[in-house]
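Top line first, the protein sequences correspond to chains A and B. Note that the first sequence ends on residue 179 in the numbering used here; no numbers are left out. Note that the second sequence ends on residue 886 in the numbering used here; no numbers are left out.
If you are wondering where the hints come from, they were derived from the structure by calculation, not from laboratory data. It cannot be assumed that every hint is accurate.
As the list claims (entries may be wrong) - Restraint-style ranges between C-beta atoms, simulated for each label pair:
hint	chain 1	residue 1	chain 2	residue 2	range
1	B	246	A	154	20 to 30 angstroms
2	B	303	A	58	28 to 38 angstroms
3	A	69	B	391	51 to 61 angstroms
4	B	345	A	58	43 to 53 angstroms
5	A	17	B	362	51 to 61 angstroms
6	B	256	A	154	18 to 28 angstroms
7	B	191	A	73	41 to 51 angstroms
8	A	154	B	549	37 to 47 angstroms
Claimed, not checked - Below, computed lysine-lysine pairings styled on DSS-like, alpha-carbon distance capped at 25 angstroms:
hint	chain 1	residue 1	chain 2	residue 2
9	B	303	A	94
10	A	94	B	306
11	A	164	B	303
Quick caveat, the model's predicted, so the values are computed rather than measured. For glycine and all other residues, C-beta sits at the position ideal for the given N, C-alpha and C.
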Amino acid sequence: MSGPEIFSVSGCVSRPGLYELPMGTTLRELIYEHCGGIKNGRSLKAVIPGGLSTPILPADKIDCPMDFVSMPAYDSLLGSGGVMVFDDTIDMVKVCHRAMAFYDHESCGKCTPCREGTNWLMQVTGRILRGGERGDIELLLDIASNMAGKTFCPLGDSAAMVMKAFIRHFREDFQRKVQ
Amino acid sequence: MITATIDNKKVQVPDSITILEAARSVGIEIPTLCHHPLLEPSGGCRLCVVEIENMPRLQTSCSLPITNGMVIWTNSEKVIGARRSVLEFLLINHAIECPFCDKAGECELQELVSKYGATQSRFKEKKKDPIINNDDPYILRNMRLCILCERCVRVCREVQGASAISVTGRGHRSVVEPFSGGVFECEYCGNCVVVCPVGALTAKYHKHVYRPWYVEKAVSTICPQCGVGCNITAQSRGNSLIRVWPIMGKGPNKGIICKRGFFDILTNTQGALNTPMIRVDGNLKGCDYKEAIALISDGLKAVRNKKGPTAIAGIISPFCTNEEAYLFQKLLRTVLGTNNIDSMAGTFFAPALLNFERLLGKGATTNRLSDIAKADGVFVMGADPMAESPVLGVHIRIANQKGRAPIIVIGEARGLSRQITYKVRPIAGTEESLLSALVFEIIKVKPLSGQNPMLEEAILAHEETSVERAAEICKIAKKDIIRLIDELLPLNNPVLVLGKDFINHANEANTLLMVAALSYTLNAKIHLVSPYPNERGLFDMGCFHSVLPGGKTITFEAYRRQYGSLTGGAIPTVAGKPLMEILRGCISGHINALYIYGEGALNGFPDKALLRDALSRVDFVALHDSHSSIVSEYAHVVTPSNSWLYKGGTFTNIEGIVQSIEKALDSPLMPDWKLLCDLAAALGQRWNYQHLPSVYSEITKVVPAYA
Numbered sequence: 001m002s003g004p005e006i007f008s009v010s011g012c013v014s015r016p017g018l019y020e021l022p023m024g025t026t027l028r029e030l031i032y033e034h035c036g037g038i039k040n041g042r043s044l045k046a047v048i049p050g051g052l053s054t055p056i057l058p059a060d061k062i063d064c065p066m067d068f069v070s071m072p073a074y075d076s077l078l079g080s081g082g083v084m085v086f087d088d089t090i091d092m093v094k095v096c097h098r099a100m101a102f103y104d105h106e107s108c109g110k111c112t113p114c115r116e117g118t119n120w121l122m123q124v125t126g127r128i129l130r131g132g133e134r135g136d137i138e139l140l141l142d143i144a145s146n147m148a149g150k151t152f153c154p155l156g157d158s159a160a161m162v163m164k165a166f167i168r169h170f171r172e173d174f175q176r177k178v179q
Numbered sequence: 180m181i182t183a184t185i186d187n188k189k190v191q192v193p194d195s196i197t198i199l200e201a202a203r204s205v206g207i208e209i210p211t212l213c214h215h216p217l218l219e220p221s222g223g224c225r226l227c228v229v230e231i232e233n234m235p236r237l238q239t240s241c242s243l244p245i246t247n248g249m250v251i252w253t254n255s256e257k258v259i260g261a262r263r264s265v266l267e268f269l270l271i272n273h274a275i276e277c278p279f280c281d282k283a284g285e286c287e288l289q290e291l292v293s294k295y296g297a298t299q300s301r302f303k304e305k306k307k308d309p310i311i312n313n314d315d316p317y318i319l320r321n322m323r324l325c326i327l328c329e330r331c332v333r334v335c336r337e338v339q340g341a342s343a344i345s346v347t348g349r350g351h352r353s354v355v356e357p358f359s360g361g362v363f364e365c366e367y368c369g370n371c372v373v374v375c376p377v378g379a380l381t382a383k384y385h386k387h388v389y390r391p392w393y394v395e396k397a398v399s400t401i402c403p404q405c406g407v408g409c410n411i412t413a414q415s416r417g418n419s420l421i422r423v424w425p426i427m428g429k430g431p432n433k434g435i436i437c438k439r440g441f442f443d444i445l446t447n448t449q450g451a452l453n454t455p456m457i458r459v460d461g462n463l464k465g466c467d468y469k470e471a472i473a474l475i476s477d478g479l480k481a482v483r484n485k486k487g488p489t490a491i492a493g494i495i496s497p498f499c500t501n502e503e504a505y506l507f508q509k510l511l512r513t514v515l516g517t518n519n520i521d522s523m524a525g526t527f528f529a530p531a532l533l534n535f536e537r538l539l540g541k542g543a544t545t546n547r548l549s550d551i552a553k554a555d556g557v558f559v560m561g562a563d564p565m566a567e568s569p570v571l572g573v574h575i576r577i578a579n580q581k582g583r584a585p586i587i588v589i590g591e592a593r594g595l596s597r598q599i600t601y602k603v604r605p606i607a608g609t610e611e612s613l614l615s616a617l618v619f620e621i622i623k624v625k626p627l628s629g630q631n632p633m634l635e636e637a638i639l640a641h642e643e644t645s646v647e648r649a650a651e652i653c654k655i656a657k658k659d660i661i662r663l664i665d666e667l668l669p670l671n672n673p674v675l676v677l678g679k680d681f682i683n684h685a686n687e688a689n690t691l692l693m694v695a696a697l698s699y700t701l702n703a704k705i706h707l708v709s710p711y712p713n714e715r716g717l718f719d720m721g722c723f724h725s726v727l728p729g730g731k732t733i734t735f736e737a738y739r740r741q742y743g744s745l746t747g748g749a750i751p752t753v754a755g756k757p758l759m760e761i762l763r764g765c766i767s768g769h770i771n772a773l774y775i776y777g778e779g780a781l782n783g784f785p786d787k788a789l790l791r792d793a794l795s796r797v798d799f800v801a802l803h804d805s806h807s808s809i810v811s812e813y814a815h816v817v818t819p820s821n822s823w824l825y826k827g828g829t830f831t832n833i834e835g836i837v838q839s840i841e842k843a844l845d846s847p848l849m850p851d852w853k854l855l856c857d858l859a860a861a862l863g864q865r866w867n868y869q870h871l872p873s874v875y876s877e878i879t880k881v882v883p884a885y886a
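Whole structure, please, built from the sequences with the hints as guidance.
Encoded structure:
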């Protein structure tokens, strides 16, 4: 993997913007060297590495080289190179809910799992934000599994993959809300 | 043929079919929702997914073609899990109204959930609350029940060619909505209601009347609303019709239906007349059958004795079955001794049939409806197929939509207005000149082939009309005629669809000759449009002034003798009068007795004033009908007839296919064929028919094509 890649960095970094860097540049280098680190001296919480449809990465996984081959080893994807950086003040459940609202809005409605699943995921994450119910996290995982690989196009797949990544890395954040 | 493995079973199936079709052909059931045999695959519901070796994801069997060596599992744990999850997803926004939903009991979702689904809901949020619309006069729309399989939208677009409804909104906010807004304001073909797997689209006429378990009796029969002869199931309860439903894949309609057959048919049940009546002091008074039959026979006899048999005429309804038609003409010909027999078919269908069979050969008009859909051009003349024979019209639309066939219209065809490629409207009565111009222009490019010398001679003997002259006569622009020729010339496999508006006038034979010539030069198949169920049957049974059963010309003595010996009676030699002449004869005093037989025999007759005049002047009118009409105001004797639901028999559709109608409901009235037998007996001829099939078996002897 070689050649340049344009990263569009947004969120809680000192210098958000477009950066043209060689493929394989690590997320750490991108955030701390090129973008000037996290804004206001806060610490990093998570990064969505390549647009909303790529699974989120927690702060301890930012040594991954940003190229198509290496990213899957870190359970994520290079995607479009649209990097979103979140600091420790940001509520991951809220981010997740916002992501699900996006999928709910984007689903075309043709196939059942995506049409109904994206909306259900949005509704359950919204409920967790308001306090949630016991079993909600398992329900989210189950809905996501029922969508994954069963939809007409990859949009439903992405929603499921993203949902699962949020719970995989930030289960405690969800649990704290539910309790 | 290819070999594949489905559920560890080696199967041999034809290639180019889908996995779903292959599995079903070997008896393996795969549940489906958005799949429908009438429609193209959609792959939206995801219920039919199967596991395939070496494929990472589950695949929709409804859309994936099977290939050689494929290894498929339709029942693996993964597949069943996917099915269950799809059903769970579907139920999220499907209001569980089963106890009071009209679809319960035949709801596809209900059946699938009880077979594969979970028993408990995990969905605790609020269901979406979309439109319930009861404003439409025919279709109830409850989008809380819609599972967005899009069958309705697809049938409206792919099959009906109307595109009146669409999915609006996106994602889980999608709803099916008519383009016209709240109410449908479409053709109301009812096909969306027929294909809806749940209770989202239902018919207002079925509300509170029909539930699947209300059905006490269901017979498969033929729709009497037009000449297509759609195969339907008539469902009844307590001896009354509650619903009509098309039979999937069967008959000329192959599972589709139209407004007349789906909605209007429910009002076309037994008529108001339920007892024989005779006129006493100017008013109709009830009597018994014996009295009525005696009076009919006396009335007819009196006229025959005084003025001779040719003073009697019979008019039969195109709603009558072949059996009734056969007996009716037998009664008039062999018992009463007159050939004066005609019907509303005499105004267009029968003369067209007679002329085309004579000019183009037997079977010239018995073409399959499916040929229309395959045609590369459709030339509609004097008909509005969507109004007169809607399912035929649907085939024209499909030819246009799928085959890009141009639709060329002479006259008006409102139902096809969105599809028409080119239309001209000559003033009424001048069609012959226009056709003559077309034929002679086409001959210049495509010379006559010499295959049919008799027809070619007739064409060449016909006066040639130049394009300029035709434009002048028809009051249309010259460029219109040239455009018509340009549209018609490149066609290799066109069809001509001909309707009654074309030849309602004096130069009938010449107009028909020119249509035949056009069909001959363009190598086009002819389809006759008929708004009645049995116009072809009436012709085949000989209910036409100039033909015997089987379409045999009455002027040949050999045919008369042959038919006479088969039926045991003599055929009168004096030629009969056509419908218009019969009615004019009533006015001029040449016809003194009329026997008008069958449901609404003259309801479609356009010149009501002439009809009234004729009826008021004739000495004796006997009527056999289901409803009061203009004729019953003048009739001296009225006997009640059974409508299609209350009798058996056969209809012959416009394709020439003989189809059985089954008795769906019990009738207290005398069977219509029996009445004719009793009348024959009263007139002095005993017929030995034990039942309806014995009439048909005599028909098969006289008309070998019906065997």
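Hint by hint, here is what the structure shows:
1. Between residue 246 of chain B and residue 154 of chain A the Cβ separation comes to about 24 angstroms, which falls inside the hinted range of 20 to 30 angstroms.
2. In this structure the supplied range 28 to 38 angstroms holds for residue 303 of chain B paired with residue 58 of chain A, their Cβ-Cβ distance being about 30 angstroms.
3. Range check, residue 69 of chain A to residue 391 of chain B: Cβ separation about 59 angstroms, and the 51 to 61 angstroms hint holds.
4. Separated by about 45 angstroms at the C-beta atoms, residue 345 of chain B and residue 58 of chain A satisfy the suggested range of 43 to 53 angstroms.
5. Hint check: residue 17 of chain A to residue 362 of chain B, Cβ distance near 54 angstroms, so the stated range 51 to 61 angstroms holds.
6. Our hint of 18 to 28 angstroms for residue 256 of chain B and residue 154 of chain A holds, since their Cβ atoms are close to 24 angstroms apart.
7. At about 46 angstroms, the beta-carbon gap between residue 191 of chain B and residue 73 of chain A stays in the expected band of 41 to 51 angstroms.
8. A beta carbon spacing of about 40 angstroms between residue 154 of chain A and residue 549 of chain B agrees with the range 37 to 47 angstroms that was offered as a hint.
9. Proposed proximity of residue 303 of chain B and residue 94 of chain A is supported: the alpha carbons are some 20 angstroms apart, at most 25 angstroms.
10. The hinted pair formed by residue 94 of chain A and residue 306 of chain B meets the criterion: a straight-line CA distance of about 23 angstroms does not exceed 25 angstroms.
11. As the CA atoms of residue 164 of chain A and residue 303 of chain B are separated by approximately 21 angstroms, the hinted pair is consistent with the 25 angstroms bound.
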